Amino acid sequence: MQDTTAKIDPEELALKAERGEDINRYFTEGEIKPPAKFKVKRVNIDFSLPMLEELDEYANNLNISRQAVIKSLLKDALLSHK
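Just so we're aligned: 109 in my numbering is position 49 of the sequence shown, and the numbers increase by one with no gaps anywhere.
Derived by calculation from the structure, the hints in this document are not laboratory data. These numbers were taken from a predicted model, which means no experiment stands behind them. Watch out, some of these pointers could steer you wrong.
Restraint-style ranges between C-beta atoms, simulated for each label pair [claimed, not checked]:
1. I68 x L122: 29 to 35 Å
2. D106 x E72: 52 to 58 Å
3. I83 x N123: 44 to 50 Å
4. I105 x S140: 41 to 47 Å
5. A119 x G80: 27 to 33 Å
6. I124 x E81: 36 to 42 Å
Positions of the beta carbon are idealized from the N, C-alpha and C atoms, including for glycine.
Use the sequences and the hints to build the structure in full.
Written out as structure tokens, the structure is:
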């Protein structure tokens, strides 16, 4: 497979980015690659108010959403169970 990623001086690349120009071709071999897609199933879960407050505090400290905190903590717990 031939490398078709455009070559550019890093300083020129930074200038293009600062001007708001599209610089994707310098990183993605000329095309934007979509993220991996997984089927998503929505679920409902009940939390106590103190637990929600704790999750929100944790999320605020990390500057991420409550949902991201829940997903990352759950993923860590699942991985530690293997």
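Evaluation of the provided hints:
no. : hint                    : in the structure
1   : I68 x L122: 29 to 35 Å  : holds (34 Å)
2   : D106 x E72: 52 to 58 Å  : holds (54 Å)
3   : I83 x N123: 44 to 50 Å  : violated (25 Å)
4   : I105 x S140: 41 to 47 Å : violated (20 Å)
5   : A119 x G80: 27 to 33 Å  : holds (30 Å)
6   : I124 x E81: 36 to 42 Å  : violated (29 Å)
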